[in-house]
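Peer 1: Put chain B on the given structure of chain A with help from the hints.
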Amino acid sequence: MGNRTAAIIDTGASNIFNLQRALEVVGFSSLIVRDAEDAVGLHKVLLPGVGSYSAVMARLVDRGFDLCLREIVDQGVHLLGICLGMQLLVSEGHENGLTTGLGLISGRAVPMPTTDTKGAPLRIPHIGWAEVSAGKDDLLKDASFDTREMYFAHSFHVVTDEPSAVAGTFQYGGRTFNAAIRNGNVMGVQFHPERSGDCGLDFLDNFMRQ
Amino acid sequence: MCALVKSGDVTRNVRLIARLDVKGSTLIKGIHLEGLRKVGPAVDYARQYYMNGIDEILFMDAVASLYRRELFLDVVQRTAQNVFVPLTVGGGVRTVSDFERLLESGADKVALNSAALNRPALLEELATRFGSQSVVLSIEAARAGTQKWEALTDHGRERSGRDVKSWICQAASLGVGELLVTSVDCEGTRQGFDLELMKMVTEIVNLPIIASGGMGAPQHISDLLGEAEVGGIAVADSLHFDRFSISEIRAGAETMGVKWRKSG
Numbered sequence: 001m002g003n004r005t006a007a008i009i010d011t012g013a014s015n016i017f018n019l020q021r022a023l024e025v026v027g028f029s030s031l032i033v034r035d036a037e038d039a040v041g042l043h044k045v046l047l048p049g050v051g052s053y054s055a056v057m058a059r060l061v062d063r064g065f066d067l068c069l070r071e072i073v074d075q076g077v078h079l080l081g082i083c084l085g086m087q088l089l090v091s092e093g094h095e096n097g098l099t100t101g102l103g104l105i106s107g108r109a110v111p112m113p114t115t116d117t118k119g120a121p122l123r124i125p126h127i128g129w130a131e132v133s134a135g136k137d138d139l140l141k142d143a144s145f146d147t148r149e150m151y152f153a154h155s156f157h158v159v160t161d162e163p164s165a166v167a168g169t170f171q172y173g174g175r176t177f178n179a180a181i182r183n184g185n186v187m188g189v190q191f192h193p194e195r196s197g198d199c200g201l202d203f204l205d206n207f208m209r210q
Numbered sequence: 001m002c003a004l005v006k007s008g009d010v011t012r013n014v015r016l017i018a019r020l021d022v023k024g025s026t027l028i029k030g031i032h033l034e035g036l037r038k039v040g041p042a043v044d045y046a047r048q049y050y051m052n053g054i055d056e057i058l059f060m061d062a063v064a065s066l067y068r069r070e071l072f073l074d075v076v077q078r079t080a081q082n083v084f085v086p087l088t089v090g091g092g093v094r095t096v097s098d099f100e101r102l103l104e105s106g107a108d109k110v111a112l113n114s115a116a117l118n119r120p121a122l123l124e125e126l127a128t129r130f131g132s133q134s135v136v137l138s139i140e141a142a143r144a145g146t147q148k149w150e151a152l153t154d155h156g157r158e159r160s161g162r163d164v165k166s167w168i169c170q171a172a173s174l175g176v177g178e179l180l181v182t183s184v185d186c187e188g189t190r191q192g193f194d195l196e197l198m199k200m201v202t203e204i205v206n207l208p209i210i211a212s213g214g215m216g217a218p219q220h221i222s223d224l225l226g227e228a229e230v231g232g233i234a235v236a237d238s239l240h241f242d243r244f245s246i247s248e249i250r251a252g253a254e255t256m257g258v259k260w261r262k263s264g
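Which chain is which? The protein sequence lines are A and B, in order. The working numbering numbers the first residue of the first sequence as 1 and each following residue consecutively. The working numbering numbers the first residue of the second sequence as 1 and each following residue consecutively.
Don't take every hint at face value.
With a cut-off of at most 27 Å between alpha-carbon atoms, the simulated BS3-like pairs for lysine-lysine come out as follows [said to hold, decoys possible]:
(1) B:199 to B:148
(2) B:199 to A:118
(3) B:262 to A:118
(4) B:259 to A:141
The following label-pair restraints were derived from C-beta to C-beta distances [stated by the list, open to error]:
(5) B:147 to A:62: 47 to 55 Å
(6) A:75 to B:96: 37 to 45 Å
(7) B:121 to A:175: 44 to 52 Å
Sample of chain B residues facing chain A (criterion: CB under 7 Å; computed from the structure) [claimed, not checked]:
(8) 15
(9) 80
(10) 103
(11) 106
(12) 130
(13) 131
(14) 178
(15) 218
(16) 219
Keep in mind the hints are simulated off the structure, nothing from the lab. For each residue, glycine too, the CB sits at the ideal point set by N, CA and C.
Chain A extracted, bound-state conformation (with noise of 0.2 Å):
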């Protein structure tokens, strides 16, 4: 338990076991929970998630996590969403109307353009790897790569009102957008790490270790 352990917290219809095994590859257990009392005590903390804003989020607050989720972070406990995970972080989301998120950064959820940066269509959802500039944030960074290029899969991504949220970004047709979003102990990352091969497991081996 303790630091070699995070939870994983099951948001339904999402692949749990692919980030699992990713973390046990880098050397990391993990607890999947259902319920907000069973994250209490561990340090790190993932939000995965796929599928609808809506439908995720009304999960979220039925277990009790939207409360819990703020309390552990006030005591310091690392939060790590990914994907959805990610946009749920944030204080809205626009899917077909308007959702509450757990608000842990400034920031909502909107749909993807549907145009590039020349008025021609873009493909929708953005699906395939992209190449994440890091800023200024450490756990993106490593001296092992010259590029890190991650796995998208999203048809929504995150807008903040916080410059300095911003903690990588990626392009998509001539566009950027937010790869990394981070509030302190709160991280929100667009991409996949547990499916972007050598780049992505480094990325959660720098999560797990800070």
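Peer 2: For chain B alone, kept in the frame of chain A given last:
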């Protein structure tokens, strides 16, 4: 969502995808999706492609019999545990429960063909529940005339009577996240992709497209990208029979301007 999209240029970042057609736990390969020949253990091949820098793995259950289903799920699971790039799985997916079991076995995306043709609403149900990004529509296209293709099912064994163009337009409106387009005519021939088919498909939808069938030399990749804005290129024969290594394919296409993942 059936809009006209411009054709691509070769310098976009594309995914190199290893396609493994699997019978039970064995990787097989045929021509025109027929005459299947055993290659070796699918799990080992997938792991090797991952180690050699493939961008994505595609598993298709070539038989999809109930008897072999458990074995196939086990193969998916053992593969997912040892590759850390996306894994797309298709073949024999009939129900929401089949789809969910594949996700639980480690698939990141699941491809459907005949079940979707039989009941298109299934696509919408899956996209709502699991997100569009996990729902791949697999199309086995056979040429049926000038600029016309028919959608086949069951690994190219059965005809559906459905025109590929109208089927794609319908499916795109149901929340499908990606299209896997296999040319049955070019599959296994090593003579290049069906450029007209891929051009048509990429021009009628704004979804990401994986092109499959016909890759025999790196030149075929730049030929394809010059005609059609595909995001993924599925390669089977070239890799399985070691005609080209992953790095040889990448290097060969790079000399013609094709851009790949740098760390791949």
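Peer 1: All hints are to be evaluated individually against the structure, with a verdict given for each.
Peer 2: Do the hints match the structure? See the list:
1. B:199 to B:148: 12 Å, holds
2. B:199 to A:118: Holds, at roughly 21 Å.
3. B:262 to A:118: 26 Å, holds
4. B:259 to A:141: 23 Å, holds
5. B:147 to A:62: 47 to 55 Å: This hint holds: roughly 52 Å between Cβ atoms.
6. A:75 to B:96: 37 to 45 Å: 39 Å, holds
7. B:121 to A:175: 44 to 52 Å: 34 Å, violated
8. 15: 6 Å, holds
9. 80: 6 Å, holds
10. 103: 6 Å, holds
11. 106: 6 Å, holds
12. 130: Since the shortest Cβ distance to chain A is 5 Å, the answer is holds.
13. 131: Hint holds; residue 131 (chain B) Cβ to chain A Cβ min 4 Å, cut 7 Å.
14. 178: 6 Å, holds
15. 218: 19 Å, violated
16. 219: 23 Å, violated
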